[in-house]
Every structure is written in structure tokens, then in C-alpha cells.
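Letter by letter, the chains look like this.
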Amino acid sequence: MKKTILETREVVKIYESGNLVVKAVDGVSISVAAGEFVGLVGPSGSGKTTMLAMLAGLLNPSEGQLIIDGQRINQMNDVQRTRFRREKIGFTFQANNLVPYLTALENVELMLRLNKKNGRQGRKKARQLLARLGLEDRLNNLPSQLSGGQQQRVAIARALIHEPSVVLADEPTASLDTERANQVVGIFADLIHEQNKAGIMVTHDLRMCKFVDKVIQMVDGKVARVITDRATIDQLAGSSQFDAVSESLTQNPSQHQPLLIPHVPKWTAVAVGAD
Amino acid sequence: MAFYLSIKEIWRAKGRFFLFSLVIALITFLVLFTAGLGEGLASANKEYLEKLDADVLVFQEDTGYSTIESRLDYRILKNVRRWDGVADAGAIGFSNVTLTFPNGAEAIDVSLIGVEPGKPGSPPAYLGEAIRTKQAKVVVIDERIAEQAKVQVGDFISIKTTQGAEEEYYDIKVAGITDGRQYFFQPSVFVSLQIWDDIRPKADVENLNAPLIPNIIAVRLGDPAAVESMSRFLEDRVDGIEVTDIKTAYESSPGYAEQQSTLNTMKGFTFLIGVLVIGGFFQIQTLQKVPQIGMLKAIGTANHVVANAAVLQIILVTLFGVALGGLSTFGLAIGLPAGIPVLFTSTSILTTLVALMLIGPIGGMVSIRLAIKVEPLTALGM
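Quick note, the sequences are listed as chains A and B, same order.
Sequential numbering from 1 applies to the first sequence in the numbering used here.
Sequential numbering from 276 applies to the second sequence in the numbering used here.
Among the hints, a few may not be true.
Here's a subset of chain A near chain B, in silico, CB distances under 8 Å, partners left out [stated by the list, open to error]:
| # | residue |
| --- | --- |
| 1 | Gly-35 |
| 2 | Phe-91 |
| 3 | Asn-96 |
| 4 | Val-99 |
| 5 | Leu-112 |
| 6 | Leu-114 |
Cut-off 25 Å, straight-line C-alpha distance, at most; resulting in silico cross-link-like pairs (SDA-like, lysine to any residue) [unchecked claim]:
| # | chain 1 | residue 1 | chain 2 | residue 2 |
| --- | --- | --- | --- | --- |
| 7 | A | Lys-23 | A | Gly-35 |
| 8 | A | Lys-117 | B | Asn-583 |
| 9 | B | Lys-648 | A | Gly-70 |
| 10 | A | Lys-124 | B | Gln-534 |
| 11 | A | Lys-116 | B | Ile-282 |
| 12 | A | Lys-116 | B | Val-586 |
| 13 | A | Lys-3 | A | Leu-105 |
| 14 | A | Lys-116 | B | Lys-542 |
| 15 | A | Lys-116 | B | Ile-647 |
| 16 | A | Lys-116 | B | Gly-379 |
| 17 | B | Lys-648 | A | Gly-35 |
| 18 | B | Lys-289 | A | Arg-207 |
| 19 | B | Lys-425 | B | Gly-439 |
| 20 | A | Lys-125 | B | Lys-283 |
| 21 | B | Lys-522 | B | Met-657 |
| 22 | B | Lys-283 | A | Asp-190 |
| 23 | A | Lys-2 | A | Asp-78 |
| 24 | B | Lys-542 | B | Gly-315 |
| 25 | A | Lys-23 | B | Met-657 |
| 26 | B | Lys-648 | A | Arg-113 |
| 27 | B | Lys-283 | A | Glu-16 |
| 28 | B | Lys-522 | B | Asn-539 |
| 29 | B | Lys-648 | A | Asp-78 |
| 30 | A | Lys-125 | B | Met-276 |
| 31 | A | Lys-210 | A | Asp-190 |
| 32 | B | Lys-522 | B | Ser-341 |
| 33 | B | Lys-283 | A | Glu-87 |
| 34 | B | Lys-425 | B | Ala-440 |
| 35 | B | Lys-283 | A | Leu-102 |
| 36 | B | Lys-648 | A | Val-226 |
| 37 | B | Lys-283 | A | Lys-3 |
| 38 | A | Lys-210 | A | Asp-234 |
| 39 | A | Lys-125 | A | Gln-75 |
| 40 | A | Lys-3 | A | Leu-102 |
Keep in mind the hints are simulated off the structure, nothing from the lab.
Keep in mind it's a predicted model, so treat the numbers as computed, not measured.
Ideal placement from N, C-alpha and C gives every residue a C-beta, glycine not left out.
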């Protein structure tokens, strides 16, 4: 059995604004093992981005435990968390992924510089990784000279170059067409498997789930279901009725048994709540 | 890391940063030029008094330290000289005349200053010799006149004055050339007090027996530190005088304070404009960079790195702009005609440049604060 890299225990996040109290994440317990690529899905407002922010050490949970690589990140102070992100987390974002005034190669090297691991070896490694991502002839291009897909691939290289324990991706395909989205997430998944990282991808695009090993669906701040069955995941991802499927995930399955997804009749929930 | 980020950004957006440096260069130019003008005008007003080999000046009582209004009886000079603590004293007379030149050079309006040879007020000559005797019909001229009219030691020049209603010309030999000693916005020519009394413009030319009335007395003290006490002492002992130090004297000259305060206000406002322009530019730039700063923080860039990068960038851009402005001002100053009252002293240039270097960080403080406050969560659109 593979080692668990990331684990959350009954994590709760409450936002308070005046008299308004919103429980964005409500008792979430999940785990991700080394070499496992997880898709975190759910409708807007389901708490998946808040969850991702907490996993990245950007946001402190109101309750519960977050353990990554044996370290309890919710007990760290700001400086420790910044260092933790720098060393242990690889990140790709939906937009504004790259530093606009650094070339593709420099953007990837940036992570090594931050960790004081740059130098000749670091540069060689960055070149190799970018070449692996099909960008060997784009090394010295600025982000503005790269397509959206190429930019995402540079971001993937940056997320992996410093050998983090966990790689997090926030909507990496939001601005890409289907072909490029498949290409980007496909490479991402390959690298996560190859390099034995724990990967989590937040996505609205269920078609991208064909690349993940596990789907965690969140609804109203809770884990609605966890799907690990390959056939079910593929069926979910392969559905041509993307919008309908997406819509179905906004429903609380406990209130709609059996699953009210007429377009994907064979989809079954494998687990609910903690995995 | 901070240096790397700031240099890379400046290099990759060099057009934008260069344009902004040009704005700073122009502000620098304006501030330096205003400072130079202030210094030049002040100098044109006070140069002679400032270079006086004296510690205090004696004026007629109740004239508000005005060299024009003050008239001192020659006996007062003797009275001032006799007190212990007075090392030496020399009477000085001021009037305005026009110089004409046999070589055809353009006539120059000058201050005609009568001095006592060898006494405080009589300038040294770096070419030729100073005025040696009371009766010597020679003149020592300011180097500006020598330069402008191509006059050398031994040449004759003509002093045009008005006696009664008639124009009179006095030909006089140039005995020596002294360094710049402007007074009342005019270069100066020095003659002995007796010669000055003979040729100065007079309304009443009939009364040849009128006593010699100089304007002020320059006093060198035995103890130069005793300016205040000796001033009071002399005022108590000698009737009809007021005594002050040289700085107070030239600051009291008509228009001096108003002129300097006007120029200082201009300088102050230019500084303020500089702070606001730099502040505005970097603030807009930081606002545009908020998502990028958020991303940098999210991937683990420490807050101090982001802040230092911002500070460094401001310092580098300001430094470049100030250097550019300083050099162009310097270039212009070299090409300026002699008559323009712009003077760059090392103190005023250094003070101005240091102050200009500070306006960058001061103006950029808001943007640095803004950069520090950007939450890494912005990277996730939160």
C-alpha cells in the first residue's frame, strides 16, 4: 500500500462577516497517497477552492487537522507556512500562473531560486522537464509569447521542478479548449504518477476526471462521495452530457437515491464521506 | 531573489521604466535648476558681502541694515576703530555706474564700491595688484567684467556717472582682477574710497567741500566668535549706529527673503509633485500586479522578498532618473551664458540630489505597503 502523503481530519472552515456565518467546509476527511492523482469536483460554492487553499497552507482551518508529509500545517505560523509552500507544495492556478517578465525557463527556475537550488544542475533539470512537456523550443519565450496550453505546461513544470510532496492544480483547464485541456492534464497526471507525488486537481470539467485515480465530490462544504472505481470514473468522464453531469453533482445524493443522473445511469457512488 | 525579480522586470519592461525615469529626470532637472537659480540669485545679491574679510557690519541707526539707506559720518569710523576687540575696520561706499570700454565691448552696469586700501572690504586681486593707496587712480575689477569685456590688467576702462544732470566719463586703469564679487545683481568694480567719492553719481556737484560719507563699515573682530556681544557693545558705545553679522545684513537686503522664499516654495512644490508622480506610478503598477504578487506569495515567496523587490525597483528607477536629470542639468550648466544667475554649489547639488533620491522611496511607500498586504489567496481568486 502506498504511503499517505496528505490527510485531513474533520476539517471545518467557517467564514464570519458581521452576523453572517458561512460554513464553507464542514468536517472533511480525505487522504491522498503518493502517486495518487485526485480530482476534487463540485459545483460553485461547494467548498472545493477553500479546501484547496487550506491544503496549500494559504488558509487556516477553523477546526480539524491538516497533515502533509507528516507535518501539521494548521499549527504553523505565517513564516513557516510560506516556507512549507515553497518546499512541499507545487501549484498551478487557473490564471496568472506565470511571472510575465520571466521566460518559460526562468519561470520554472524561479521555484528552484526560491528554494536556493538553482545553478547549472537546476537549469539542466528545468530544461529537461520543459522538454518533457514539449516546450524545448519555447524556453526563452515570455508568457505573452506562449499559448494558454503552453503557459499551463510551464506552470506544471514549475509545480514539479522542486520535487514537492503535493501538487495542487486549481482549474488548470479553465481557459483551454478540449484538445489542449486533455494534453495538459494528461501530462500532469503522467508526471504525478512518474514522480510519485500526491496530486489534487480542482476542476469543473468532469471530462478531465479520466486522468485521475480518485474523484472526491464536494457539495455544500461536505464530501458527498468519493469514487475510486476506474470504470465509474471513466464513465463519468466519458459522458458527452457534460453539463448535465455537472448539474447532477450539485445535487445532494443522499436526498436523491438512486442517483438522478439519467444521462449516466451506470454511475454509482462508491463511498460517501471519509474515504 | 528580490534583486533578481526587480532587475528582470525592469529589463523586460525597459521602455516603460525608461519613460518613467525620464519623468524623474525632468523633475530632477527642474528641482536642480530652481535650486541653482535660487543660489545664483542669492549670490548675485550677496557675493561681495559674503566674501568680506569682516565679522560684523556697522550701519546707520534705524536703516534696517540697508546699505543704500545707511550713511555714516567718517568720524564714526574712527570711533569704531578705537575699541578693544575691534581688530580692524574699513569704510565702504556703494553706488551704481556704467562701464564703457575703449576696445568697443558692450557697456556693463556695475556696482562701484569704494574701499579703504588694506582695510576690511578691500578685495584681494588674484591678477595684478589690489588697491594700495587712497589716491591711486586705479580700479580692481570683478573677473566677470574681465571675462565679458575682454579686459586685462593694465588696460584702461571708462566709468560713466552722472554728476548733477551731466554725464561724466572717468578713464581709469585696471590694477587688478578679483574673483566674483557681485553686489546687487551686478558685478563690482573697486576703487579707493576717495576716488569713489569723486566719481560716484551726485546730484549736487557744486558743494565740493561736502564731507566723505561712506555707507557702511566692515569690522574685523579680534575674536570672530564674539559677533553678538561685540555688536551690542559697539551699539552701546557709539551713537547712531546699528551693528549686525554679515548673514543678517544680506538677508535684510530688499527682496532677498521674498525671492528666496518664492524659489524655495517652487522647489518644495516640485518635490511634492515628484513624490506624488512616483507614488502614483508605482501604485498603479502594483495594483496591476496584485494577481501576480498573490501568485508569487502562494508559491512560497516571502513577504520581505516581495517588499524588497518593490523597494529596489523604486530605488533603481529613481537613481537612474536622478542621474539622468543631474547629468543633463550639468550639461546645460556648462553651456549657460555667464549672465544667467544660475549657480551650482556642491552643497546645494548634493542636498538636492539626496532629497530627490528620497522622494522615490517616500512616494513608493504606499505601493510597497500595498504589495505587502496582497494576500496569497488572490492567486486562487479568493
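Right, here's what the structure says about each hint:
1. Gly-35: 22 Å, violated
2. Phe-91: Status holds, d = 5 Å.
3. Asn-96: 4 Å, holds
4. Val-99: 6 Å, holds
5. Leu-112: It is violated, given that the least Cβ distance between A/Leu-112 and chain B is near 11 Å, above 8 Å.
6. Leu-114: A/Leu-114 check passes; min Cβ-Cβ to chain B is 6 Å, inside 8 Å.
7. A/Lys-23 to A/Gly-35: 31 Å, violated
8. A/Lys-117 to B/Asn-583: 21 Å, holds
9. B/Lys-648 to A/Gly-70: Answer violated: B/Lys-648 to A/Gly-70 is near 30 Å, above 25 Å.
10. A/Lys-124 to B/Gln-534: Not satisfied, since the Cα-Cα distance of roughly 66 Å exceeds 25 Å.
11. A/Lys-116 to B/Ile-282: 18 Å, holds
12. A/Lys-116 to B/Val-586: Within the cut-off at roughly 22 Å; holds.
13. A/Lys-3 to A/Leu-105: Violated, at roughly 32 Å.
14. A/Lys-116 to B/Lys-542: Violated, because 46 Å separates the two Cα atoms, which is more than 25 Å.
15. A/Lys-116 to B/Ile-647: Between A/Lys-116 and B/Ile-647 the Cα gap is close to 22 Å, so the pair holds against 25 Å.
16. A/Lys-116 to B/Gly-379: At roughly 76 Å apart (the allowed maximum being 25 Å), B/Gly-379 and A/Lys-116 break the hint.
17. B/Lys-648 to A/Gly-35: With a Cα-Cα distance of about 36 Å, the restraint between B/Lys-648 and A/Gly-35 is violated, given a limit of 25 Å.
18. B/Lys-289 to A/Arg-207: 43 Å, violated
19. B/Lys-425 to B/Gly-439: Given pair B/Lys-425, B/Gly-439 is violated - Cα atoms ~31 Å apart, limit 25 Å.
20. A/Lys-125 to B/Lys-283: The hint holds at about 21 Å.
21. B/Lys-522 to B/Met-657: 64 Å, violated
22. B/Lys-283 to A/Asp-190: This hinted pair is violated, its Cα atoms lying about 33 Å apart.
23. A/Lys-2 to A/Asp-78: 31 Å, violated
24. B/Lys-542 to B/Gly-315: 14 Å, holds
25. A/Lys-23 to B/Met-657: 16 Å, holds
26. B/Lys-648 to A/Arg-113: 23 Å, holds
27. B/Lys-283 to A/Glu-16: 41 Å, violated
28. B/Lys-522 to B/Asn-539: 18 Å, holds
29. B/Lys-648 to A/Asp-78: Satisfied, since the Cα-Cα distance of roughly 13 Å is no more than 25 Å.
30. A/Lys-125 to B/Met-276: 20 Å, holds
31. A/Lys-210 to A/Asp-190: Holds - the C-alpha atoms of A/Asp-190 and A/Lys-210 are around 12 Å apart, at most 25 Å.
32. B/Lys-522 to B/Ser-341: With Cα atoms ~13 Å apart, B/Lys-522 and B/Ser-341 stay inside 25 Å; holds.
33. B/Lys-283 to A/Glu-87: 23 Å, holds
34. B/Lys-425 to B/Ala-440: 31 Å, violated
35. B/Lys-283 to A/Leu-102: Holds: B/Lys-283 and A/Leu-102 sit about 7 Å apart, inside 25 Å.
36. B/Lys-648 to A/Val-226: Measuring from Cα to Cα gives roughly 37 Å; hence the hint is violated.
37. B/Lys-283 to A/Lys-3: This hinted pair is violated, its Cα atoms lying about 41 Å apart.
38. A/Lys-210 to A/Asp-234: It holds: about 5 Å lies between the C-alpha atoms, which stays within 25 Å.
39. A/Lys-125 to A/Gln-75: Roughly 33 Å separates the two Cα atoms, so the pair is violated.
40. A/Lys-3 to A/Leu-102: 36 Å, violated
Hints 1, 5, 7, 9, 10, 13, 14, 16, 17, 18, 19, 21, 22, 23, 27, 34, 36, 37, 39, 40, counting from the list given before, are not met by this structure.
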